[in-house]
Amino acid sequence: MSTYSPSRTAAFPQSIEEGAAFAGRPLSFPASLLANGAGVFASVAWLGFGLSCLLWEDLGDWSRTHGLAVAAFIIAGVIFAVTLSGSLLGRFGTGLRKRAPWLLVLGLLLTVWEVATAKFAWLPLPFFPPPQAIIEVYTDDLPKLLDSVLASVKLQLGGYAIGAAVGFVTGVSIGWSRSVGYWVHPVLRFIGPLPATAWLPIAFFTFPSSWSASTFLIALATGFPVTVLTWSGVASVSNAYYDVARTLGAKPSFLVLKVAIPAALPHVFVGLFMGLGSSFAVLVVAEMIGVKAGLGWYLQWAQGWAAYSNMYAALIVMSLLCSGAITLLFKTRDRLLVWQKGVVKW
Amino acid sequence: MVALAVARRVSPAATGASLDVEGVSHGFDIDGTVLPVLDNVSFSVKPGEFVALLGPSGCGKSTLLRLVAGLEPPRSGTLREDGDPIRGPFPSRVVVFQDPTLFPWRTVWNNVALGLEAQGILKSQRHRVDAAIDLVGLPTFRNAYPHQLSGGMAQRVALARALVNDPRILILDEPLGKLDSLTRITMQAEIASLWQRSGFTALMVTHDVEEAVFLANRVIVFSDRPARIKADIAVDRPYPRHRGDAKLAELRRNILELLGLDATW
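Protein chains in written order, with the working numbering: chain H, 1 to 346; chain U, 1 to 265.
Incorrect hints may appear among the rest.
DSS-like, lysine-lysine: derived pairs with alpha carbons at most 25 angstroms apart [unchecked claim]:
hint : chain 1 : residue 1 : chain 2 : residue 2
1    : H       : 154       : H       : 292
2    : H       : 251       : U       : 46
3    : U       : 46        : H       : 258
4    : H       : 144       : H       : 292
5    : H       : 144       : H       : 154
6    : H       : 154       : H       : 341
Note that these hints are calculated values from the structure, not bench results.
Make the full structure from the sequences, and use the hints.
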């Protein structure tokens with residue numbers, strides 16, 4: 001906390017001595033309120049959200065309004081307690097305080113959402129369900145939603161793993177061997193830029209099951225960026241590294257496994273990241289069109305029944321899964337490429 | 001004395017090999033025409049000798065070192081290590097390049113271990129890696145990554161990475177060319193004492209005449225490209241040498257004259 005920022009020096013201490021005295025004094029209540037402003041306001045915002053749930057009658061028939069209000073009050077209480085606990089809670093406390101501005105905005109948005117949908121229907125109702133309707137989906141339709149999540153994760157993981165593995169091996173081979181490059185490069189050029197979804201109709205009647213067809217498509221969407229970036233990574237390894245390894249007695253297998261691949265790994269991760277993005281798109285489209293399970297299918301199914309709150313609920317889960325997968329990939333990269341810290345800005 | 005004992009442990013049986021360069025010519029293809037870089041170069045290096053190669057920039061000295069290392073075959077002529085023709089790279093001939101070219105994804109220890117790992121003998125020889133790192137004075141940086149090292153430290157690691165293999169011929173391609181002058185002076189003395197203790201044959205390209213006469217038994221001076229041998233000068237002074245030695249200063253003047261640079265001296 002800076003005591004000498006312009007706005008504060010105007011309001012509080014007028015000189016350095018006075019400032020030091022001010023910093024030395026234990027904070028009085030209003031002063032501590034100001035210091036923890038964001039946290040306190042966040043708490044108030046969540047309190048407001050809870051009150052907005054109770055203050056007016058619901059326009060529709062939702063069973064979780066009271067529960068939601070109670071949850072909002074609890075969250076408000078927790079934010080308030082953590083804010084005022086100072087450093088007692090260690091990392092959890094600092095983490096929450098750092099995110100206080102976000103919690104504040106979130107509380108405000110939820111309040112507006114609640115009021116604009118459930119209470120006054122400023123947004124047309126079946127299409128814009130209130131928060132409690134979505135909570136209701138999570139509590140009442142949980143088994144089906146979980147099944148869908150499991151199906152999506154299984155399909156995605158299988159396809160992604162195959163695509164990443166094949167792409168990596170292909171990329172290393174093209175980067176390493178001229179003759180492999182001669183044959184694979186034109187094929188890659190011809191097929192690679194085609195969006196994997198364009199294969200959907202063909203894939204669904206040539207493969208024995210819609211599941212295997214989707215796995216193939218997800219693998220294809222993942223494989224192309226992984227191949228191209230692995231290849232460019234291997235191709236851009238400096239000859240000096242190979243010279244050093246060769247004079248030290250390295251055989252070709254050592255040059256590939258211990259020189260080319262580790263040196264190319266930063267590129268490979270860019271490919272894995274891009275592949276993840278495009279494979280999500282294929283996953284959802286495949287589930288909407290052919291596979292009878294998964295979140296994409298759930299979305300489609302909910303739309304068919306005009307169950308709009310189910311759609312939003314599924315969409316939120318989907319986005320959590322996708323961002324979770326990307327976070328996981330980044331964590332893996334940070335662990336494997338720890339040597340890059342300090343070499344490049346990241 | 002401790003360092004001496006360590007040196008013995010690193011290289012129990014390191015004795016220098018002889019090197020014969022016989023009528024070697026080499027050139028590069030540039031847009032279909034051959035650019036000659038070495039023209040009928042012949043010389044011999046006795047086991048344990050320290051030979052410095054001097055010459056104008058771009059005359060082909062580094063190319064010669066690549067041929068000695070076995071990284072490329074010569075267009076004509078033969079190179080022999082202890083009488084056997086050199087057909088490819090082998091860990092008895094290790095190169096220290098101008099850039100340390102440490103592998104950035106490996107720690108200092110793992111960089112030094114590279115040669116033993118590539119030869120598949122690391123498991124039983126781990127102590128040699130530790131000894132080599134101690135030898136160049138970096139025991140506290142074992143687990144550091146290359147980007148955490150200064151230029152001089154990185155070049156020391158590169159030296160350790162070479163020495164851990166007990167080379168019979170150490171090939172030095174301007175190893176100190178990119179270091180600041182103070183670090184360079186320190187490392188020249190270190191290389192001299194390492195060479196004396198371990199007994200390997202050393203072949204060093206340098207642009208620094210003072211460095212050449214300070215370190216080497218013999219200085220071979222090359223002409224402009226395509227490189228021919230212009231002079232082969234013995235530096236007959238005992239080690240450890242002193243930079244202020246009048247004899248060395250005289251030799252330096254002679255060599256600069258050969259290179260056509262005596263006017264400013």
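Sort out whether residue 46 of chain U lies within 25 angstroms of residue 251 of chain H, counting only the CA atoms.
violated (30 angstroms)
Hint consistency between residue 154 of chain H and residue 292 of chain H [alpha-carbon to alpha-carbon, up to 25 angstroms]:
holds (13 angstroms)
Residue 46 of chain U and residue 258 of chain H were given as a pair; does the straight-line alpha-carbon distance stay at or below 25 angstroms?
violated (36 angstroms)
Please work out if residue 144 of chain H and residue 292 of chain H have their alpha carbons no farther apart than 25 angstroms.
Distance of about 12 angstroms is within 25 angstroms: holds.
For a C-alpha distance cap of 25 angstroms, please report whether residue 144 of chain H and residue 154 of chain H respect it.
holds (15 angstroms)
Given the proposed pairing of residue 154 of chain H with residue 341 of chain H, does the C-alpha separation stay at or below 25 angstroms?
The hint is violated at about 33 angstroms.
The earlier numbered hints that this structure contradicts are 2, 3, 6.
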